[in-house]
Amino acid sequence: MQIPTAAENSALLKLTYGPTPADRAAFRAMGLAAWLDDQLNPNKAEDPTVAATMAKFKGINLSNAQLLKTLPYSIRPRNASEELSETTLYRRIYSTRQMFETLVEFLEDYVPVNIKTEPSKRISYDRDVIRANALGDFPTLLWQASVHPAMLRFLSGYDNTRQHPNENFGRELLELFTVTTETPYTQTDVVNAARVFSGFRWDDKKQQLKPTPNAHWQGSVKVLGWTDPNPGRTAAQISATAYSLVRYLALLPETATAFAKRMARRYVADSPSSAIVASMAAAYSQSSGNIPTVIRAMVNHPDFVTSLGAKLRRPTEFIVAALRTLNIAPPGQISFGDLSKNDYFSGSSLQKLRILTATHGHAPFDWQYPNGYPDTEAAWTTLSAQMTRWNNAIMWANGTGGYQQPDFAGLFSGQGVSVDSGNDWNSIVDAGSLQLFGRVLSPVRRTTVIAGAVKSDNLVRPGLTADQLFVEKCRAVTLLLLCTEDWNRR
Amino acid sequence: MTACPEFHELANGITRRNFVKTVMALGGGVMLSSVDGLSVTSAAIGDARSDVIITVYMRGGMDGLLAVPVLGDPTLAKLRPTQRTRDADNLSLDGYFGLHPKLTMLKELYDQGQMAVIQAVGTPVGTRSHFDDQRALEYAAYDNPGTTDGWQNRYLQAMGATDVFSGYSTGFQTPTALRGSVETTVFESFNSVTLAKAGNFTNRDNLIAALKNLHSDGASNWQVAAQHSLVASERLRSVAGTTPAIYPGTTNGRRFSALAAMMKNGLGIKTANLEFDGEFDIHSDAGVVDGNMATNFQSLSDCVRAFKQDIGDLWNNVTIVTVTEFGRRLEQNGSNGFDHGWASAMFVMGGGVRGGQVVTKWPGLTDTRDGDLKVTTDYRTVLAEVMKVRGGMPADKISQILPGFQAQDLGIVKPLV
Chain U
1 MQIPTAAENS ALLKLTYGPT PADRAAFRAM GLAAWLDDQL NPNKAEDPTV
51 AATMAKFKGI NLSNAQLLKT LPYSIRPRNA SEELSETTLY RRIYSTRQMF
101 ETLVEFLEDY VPVNIKTEPS KRISYDRDVI RANALGDFPT LLWQASVHPA
151 MLRFLSGYDN TRQHPNENFG RELLELFTVT TETPYTQTDV VNAARVFSGF
201 RWDDKKQQLK PTPNAHWQGS VKVLGWTDPN PGRTAAQISA TAYSLVRYLA
251 LLPETATAFA KRMARRYVAD SPSSAIVASM AAAYSQSSGN IPTVIRAMVN
301 HPDFVTSLGA KLRRPTEFIV AALRTLNIAP PGQISFGDLS KNDYFSGSSL
351 QKLRILTATH GHAPFDWQYP NGYPDTEAAW TTLSAQMTRW NNAIMWANGT
401 GGYQQPDFAG LFSGQGVSVD SGNDWNSIVD AGSLQLFGRV LSPVRRTTVI
451 AGAVKSDNLV RPGLTADQLF VEKCRAVTLL LLCTEDWNRR
Chain A
1 MTACPEFHEL ANGITRRNFV KTVMALGGGV MLSSVDGLSV TSAAIGDARS
51 DVIITVYMRG GMDGLLAVPV LGDPTLAKLR PTQRTRDADN LSLDGYFGLH
101 PKLTMLKELY DQGQMAVIQA VGTPVGTRSH FDDQRALEYA AYDNPGTTDG
151 WQNRYLQAMG ATDVFSGYST GFQTPTALRG SVETTVFESF NSVTLAKAGN
201 FTNRDNLIAA LKNLHSDGAS NWQVAAQHSL VASERLRSVA GTTPAIYPGT
251 TNGRRFSALA AMMKNGLGIK TANLEFDGEF DIHSDAGVVD GNMATNFQSL
301 SDCVRAFKQD IGDLWNNVTI VTVTEFGRRL EQNGSNGFDH GWASAMFVMG
351 GGVRGGQVVT KWPGLTDTRD GDLKVTTDYR TVLAEVMKVR GGMPADKISQ
401 ILPGFQAQDL GIVKPLV
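Protein chains in written order, with the numbering used here: chain U, 1 to 490; chain A, 1 to 417.
No wet-lab data here; the hints were simulated from the structure.
The structure presented is a predicted model; accordingly, all values stated were derived computationally and were not measured.
Positions of the beta carbon are idealized from the N, C-alpha and C atoms, including for glycine.
Hints are supplied without guarantee of correctness; some may be wrong.
[As the list claims (entries may be wrong)] If we take Cβ atoms under 10 Å as the criterion, some of the chain A residues that face chain U in the derived model are:
| no. | residue |
| --- | --- |
| 1 | T148 |
| 2 | V164 |
| 3 | D285 |
Given the sequences, and given the hints that come with them, work out the whole structure.
See below:
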């Protein structure tokens, strides 16, 4: 067995949803730079099986207009949001574009629209705004998000009029999406930002944005250091002013810092050092907000490796990583939809997986507020979180709850341990640790795992063959390793 | 930190407001000035008689004037031509203020002297930002901006609480108010707090022992929390997880019933936070009669009714305080909703509440801060009095829990007996 370097573990544990043996082999063959290039290549081909599976779903491949008139989404829009949520989980497990999928989650938390908001348009928001720009520039992504019908609905954009500017979006544009309250903007700035975005309607028939002059607040506006005459007499003028404001805000150094801090909080540490934030912010500013450039600055900073283990995996990452690492599928078969059922995906393995994420309070894109799911350990360390994680570990290790049995013999032989080779407890724990964490446990904790594992009742079942006994030892060790803090961190 | 003028005004207790004398029960109006001499007998810290102090957290910014409307006010009618309830439907409290028609249980408690209203109350600064104002509300440490502990955790620290059930919250995340050095218990449902039948560890005790050993080095919060989780889980096994039928079959009903079950089982909760499941961020379509806000208030009323019935005599040692990060703009916006504002209203309920009063330094609806109802009572005033009088917390400890804050009692709760 080969002990991975800290650089490999940092990259693969932080930039994927849990590395598989194939990910590790690819990383070792390519090296960090080439692996990162590959993951950041917007033209990187998706795994053919994943692509074929995604093609079989109907809703995620339809336009807004088609969704509005296509069964079953037209009569039960929830089917659209569930399809988006469930296919997102599928991609997190199986996509070979792992870094991209983590980035989609990060950006969906950054500029969130709750998934139950206009479900038919929410699919387009994910596909045409977030995914289309995740390997591009943040200012462009933010502009497209700002005028997308899903966001217009979520933050009251439709209701924002000349007579009564609705401040909902204008405030969050400043507070959450760009400069944050680290920058002392004023209520006047908020009102003016709202005025700039007043009158944005959406034409469902033509499926296009409809900036509406008679609902637009016209006249000179100032937000922080930006001013504009904002004539607003034509749709083009309204759009041009709004675009100008978003570009201005998105390219401010304060936004660069805010973006850097938030990204470092996702990938590096709850409280990232000012050094790595500064380095990433500089990359943001120099590249006019190019997301891959910021990621490279993050990965190339020394903190990226030294911080290994600093982050607690959030619940859904915990789940997806387990399925990937144990090489087990969601329980049952994927359903691509059954028109005879009101609940279109009823019984689908991916629906069961989505429900599991909901029992952790972390179903994809289902946070109620525009600040995205919390991303700190303090928020997610609760009684129910710990018990639910341990219960999930029991379920996967034992192959209950509809999950298949992990192929323990296969997993452990991949780390050089089998029934025929050395299979003493130390070897089994080391192999399991390498499989799960990419490193061996401290001697103390290894001893603790063994002391616990030997108490597994399955080990003393009468009549076990040598093969069965080996599997039961692997099962007991895997269960406990999945319960360790090490597994919950990256 | 620099504070805005309003903050200084509040901190110094200066007021030039026209007091509305709304208190009938106690005669002559119990306003701030009239309770200065109120003598308060504080119980000892950890006094077995001390109340369970419960916050009901209405995240999103609850409009205090939909909850507690001014009756017959032409200014309010002008500001809110469509988004208000009719005076004929409002539940009058004292002829000047009323309650939203759906808050029937709160009206009953008010009439029984077990519910007090604080109007025009809120955070001292007020940024109109959900997230900044929620953090401020929960840290409650304006003079100590570097703090990472929430006020409810500092309350537990001050009483020397160590038991994992001394602090409890519903939800999937630990609220900021409860974060800090005292380990607390947070869970969303009873389904998620016990260890599953363990398959290859048929003997659960063996698995539990292994989990304890795996989390024994105390090197991280996760390790420490795990030890507490295992203990808490075992103790919760004896708590009936069934929801009595008296509760609404909603998330809120489940949350209130879980708290009741834990209290009835004597787990020793000192303070709890109930995350209220509702839509308060009503930028569009406030739904004051039969929409969002009506649903919110109906739910609050129904849950409090069931909770009181469920816990029986324990009600005598419960103080429920509703909190929210801000109220909303006085004037309705163009989309039948309300944008973020400043002052809101708080409800204080329980067996020890000096109820039947609306306590306010009423600023009126015309002297606003940029269209917001002004905060004339700092929300910490309410917390401080409840902790001191009903929690038995000495004054010097209050200043540790609420650093830099000089408490001045409002007379909203009775001494412990």
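Cross-check of the supplied hints:
Hint status for A:T148: holds, given a least beta-carbon distance of 8 Å to chain U, under 10 Å. Checking A:V164 against chain U: minimum C-beta separation of about 8 Å stays under 10 Å; hint holds. Annotation: A:D285 was flagged as interfacial toward chain U, and the flag holds, the nearest CB pair being 9 Å apart, inside 10 Å.
Every hint from the earlier list agrees with this structure, and none is contradicted.
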